[in-house]
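**Q** Spelled out, the chains give:
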Amino acid sequence: MNLDYAGLFRALAPETAIVVGALAVLGVDLTLLRGRSLATRMNVAALISALSVLVAFMLNGTCPCGRCWVGASGPVFGGALMFDSLANATRGGILGLVLLTIGVSTGARINRNPAEYLSILLFATVGFLLMAAAQQLLVAFLSLELASLSLYILAGFDKTRPDSAEAGLKYFLFGGMSAAFLLFGFSLLYGLTGSIELNHVADGLRHQGISPLLIVALVMVIVAFGFKAAAAPFHLWAPDAYQGAPTPSAALIASASKLAGIVFFARLLWSGLGFSAGNVSYAFTSVGWLPIVAVLSGVSMFVGNLAALAQTNVRRLLAYSAISHAGILLLGLIAVSRNGTSPIFYYATTYGIATAGAFGVIGVLERQGGCDSISDLAGLYRRSPLLAGCLMVFILSLAGVPPLAGFFGKFYVFAATLKLAGLAGVAGWLTILAILFSAVALYYYMVVLKQALVVAPAKDATPVRVPIAAAVTLVLAAIAIVAFGIWPSVLLGAV
Amino acid sequence: MNVGLNEYILLSVLLFVIGFFGVLLRKNTLVIYMCLELMLIASTLALVAFSRFNGRMDGNVFVFFILTVAAAEVAVGLAIIVALFRKRLTVQVEELNSLKN
Chain A
1 MNLDYAGLFR ALAPETAIVV GALAVLGVDL TLLRGRSLAT RMNVAALISA
51 LSVLVAFMLN GTCPCGRCWV GASGPVFGGA LMFDSLANAT RGGILGLVLL
101 TIGVSTGARI NRNPAEYLSI LLFATVGFLL MAAAQQLLVA FLSLELASLS
151 LYILAGFDKT RPDSAEAGLK YFLFGGMSAA FLLFGFSLLY GLTGSIELNH
201 VADGLRHQGI SPLLIVALVM VIVAFGFKAA AAPFHLWAPD AYQGAPTPSA
251 ALIASASKLA GIVFFARLLW SGLGFSAGNV SYAFTSVGWL PIVAVLSGVS
301 MFVGNLAALA QTNVRRLLAY SAISHAGILL LGLIAVSRNG TSPIFYYATT
351 YGIATAGAFG VIGVLERQGG CDSISDLAGL YRRSPLLAGC LMVFILSLAG
401 VPPLAGFFGK FYVFAATLKL AGLAGVAGWL TILAILFSAV ALYYYMVVLK
451 QALVVAPAKD ATPVRVPIAA AVTLVLAAIA IVAFGIWPSV LLGAV
Chain B
1001 MNVGLNEYIL LSVLLFVIGF FGVLLRKNTL VIYMCLELML IASTLALVAF
1051 SRFNGRMDGN VFVFFILTVA AAEVAVGLAI IVALFRKRLT VQVEELNSLK
1101 N
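Here the protein sequences line up with chains A and B, keeping their order. Residue numbers for the first sequence follow this note's numbering, beginning at 1 and rising by one. Residue numbers for the second sequence follow this note's numbering, beginning at 1001 and rising by one.
Source of the hints: derived by calculation from the structure; they are not laboratory data. A few of these clues could be false.
In silico DSS-like links for lysine-lysine, alpha-carbon gap of 27 angstroms or less [as the list claims (entries may be wrong)]:
1. B:Lys1027 to B:Lys1087
2. A:Lys450 to B:Lys1087
3. B:Lys1100 to B:Lys1087
4. A:Lys159 to B:Lys1100
5. B:Lys1100 to A:Lys450
6. B:Lys1087 to A:Lys459
Negatives, chain A to chain B, calculated, CB over 10 angstroms [as the list claims (entries may be wrong)]:
7. Ala39
8. Gly74
9. Leu142
10. Ser211
11. Arg367
12. Asp376
13. Ala378
14. Ala424
15. Val440
16. Gln451
17. Val482
18. Pro488
What you are looking at is a predicted structure, and each value in this text was computed from that prediction instead of being measured. Note that beta-carbon positions come from the ideal geometry of N, C-alpha and C, so glycine has one too.
Hey, can you work out the whole structure from these sequences and the hints?
**A** This is the structure:
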């Protein structure tokens, strides 16, 4: 094993920048800002965090000039990490989504410990970044746990509200169980192949057929994946976590964590366990993990869309919409063998921007009054035209209306699955189901927009004051949704 | 009796199943949490057994990291349970149902 520490340090320069940023946030808050107002501390902490994320963004990937000091491509540190174009693009996408979340947190209700909150958010980011490049079971497990443990804290961070602690606990218990499943799957894979390197695992599985032990291992890995992606029937944590967690935490769980998780499992399943994938392109499926993923995808679309119809709470509605989007992401995962990872990367990134933006709008409203049920959005176009316009872009993108990015995301995923074998098999039928459910989804998204854009405001409603940083973030996110819809090749070409 | 790989794996699967049903059936958050730890320990046992029978060290190294992660998980999990108990004065899962539509 070739251990190149200098190469490792160069490759992990973004992570280093973020850890330094997290420590700087804590240090500045504890020394220079003692006794200052909460708003000042929040803004300074957000500024330092955003700067460190920007530095990490610039250090990420290889510079085209080829002479620069930072950056890496190919396997690093004896193959423990893999910096291919997917990893670099995903790391860029994660950093962008984290930046959006930091902007959202400046507009949301301020908790009592802003510096601690943002530094834990940055530690979660380090976990996401490593998840995108992990090519070895040990690094994969550690990066996933670093991200998950930070997210549990972020979900339960608001100590003044019992809801937040309950959301944190439910997220923690489900997450801990899925981590145990993943770990048991990993130990069985290690036993079957004698290695924790993903490419040696693949070599080991190439020469052996499907054994009962391998099926158990595959099921366990898929259960963990289903939890991370919030796919039904492992979705039970999602509505509670989205409803109870502080708004920026919910935005992070729905955006950057989703993107990191889907890329993490796409790498694990296709480059590690690709030889036991099975086949779902035709009516007669063959044994492997693809049939299980296909079932999860169908159930998620079914449960997510139908349950979303009955919701009156905005956050729970976004949670069930997340579950239905997870169904489409799993559908995209099925098509990776034929069309590569660019459709799911594009879909997960643009979905993340739209949903984090929607949470950002909810966060600003929550700070001034509250935004629990959908009817609290009534008359938003009068109270704040800016928020109403941004919310319209995000919700329409989630619904998949052209020319926004959400439409092209769905389009590329559906085109990829139909290229497998047309309508000859399960993948094709699921695509038809997904298209039908997109029409159902349009209804509940329109209910939200109707409240925000058509219904008159309540009599005692006051104009909403939007903090500048949050306003800039939301407008930039809305512009990104439109721009990625018009020029999808910017994201598609990055992978 | 000669204890081989199969016995170790059987024991580890047994521990995992006990932990899993504990998580599903018990009502006290702390007991659920202990059962989660049991599931992690079951994987640890399997890794050590496989590592010994494969004649490689990487499984053993994996176990060190798992134990560290489990310790971190204790810190986070108990902190969340304490925060919840301060607000709700209960750790029974059937009473934690304030998040509803």
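**Q** Look at each hint and say if it fits the structure.
**A** Verification of the supplied hints:
1. Under the criterion of a C-alpha separation no larger than 27 angstroms, the hint pairing Lys1027 of chain B with Lys1087 of chain B is consistent with the structure, at around 18 angstroms.
2. For the proposed pair Lys450 of chain A and Lys1087 of chain B, the alpha carbon gap of about 37 angstroms is over 27 angstroms, so the pair is violated.
3. The suggested pairing of Lys1100 of chain B with Lys1087 of chain B holds, with an alpha-carbon distance near 18 angstroms, which does not exceed 27 angstroms.
4. This hinted pair checks out: Lys159 of chain A and Lys1100 of chain B have alpha carbons roughly 20 angstroms apart, not beyond 27 angstroms.
5. Taking the CA atoms of Lys1100 of chain B and Lys450 of chain A, the gap is near 24 angstroms; set against the 27 angstroms cutoff, the hint holds.
6. Distance check on the hinted pair: Lys1087 of chain B and Lys459 of chain A sit about 34 angstroms apart at the alpha-carbon level, beyond 27 angstroms; violated.
7. Non-interface status of Ala39 of chain A relative to chain B is upheld: no Cβ of that chain comes within 10 angstroms, the nearest being about 24 angstroms off.
8. With a closest Cβ-Cβ approach of about 22 angstroms to chain B, Gly74 of chain A is found to remain outside the 10 angstroms limit, as its non-interface label requires.
9. With a least CB separation of 6 angstroms from chain B, Leu142 of chain A falls inside the 10 angstroms interface cut-off, contrary to its annotation.
10. Interface exclusion of Ser211 of chain A from chain B stands, the closest Cβ pair being 13 angstroms apart, more than 10 angstroms.
11. Chain B leaves Arg367 of chain A outside its interface by the beta-carbon criterion, the shortest separation being 21 angstroms against a cut-off of 10 angstroms.
12. With a minimum CB-CB distance of about 14 angstroms to chain B, Asp376 of chain A clears the 10 angstroms threshold, and the non-interface call stands.
13. With 10 angstroms as the threshold on Cβ separation, the claim that Ala378 of chain A sits away from chain B holds: the shortest Cβ distance comes to roughly 19 angstroms.
14. Against the 10 angstroms criterion, Ala424 of chain A stays outside the reach of chain B, whose nearest CB is about 38 angstroms from its own CB.
15. No beta-carbon of chain B is positioned within 10 angstroms of the beta-carbon of Val440 of chain A; the least distance is around 18 angstroms.
16. Every Cβ of chain B is farther than 10 angstroms from the Cβ of Gln451 of chain A; the closest lies at roughly 16 angstroms, confirming the non-interface assignment.
17. For Val482 of chain A, the non-interface assignment is confirmed: its Cβ lies about 32 angstroms from the closest Cβ of chain B, beyond the 10 angstroms cut-off.
18. Remark: the non-interface label on Pro488 of chain A is consistent with the geometry, its nearest Cβ contact in chain B lying 35 angstroms away (cut-off 10 angstroms).
Hints 2, 6, 9 from the list above are not met by this structure, while the remaining hints are.
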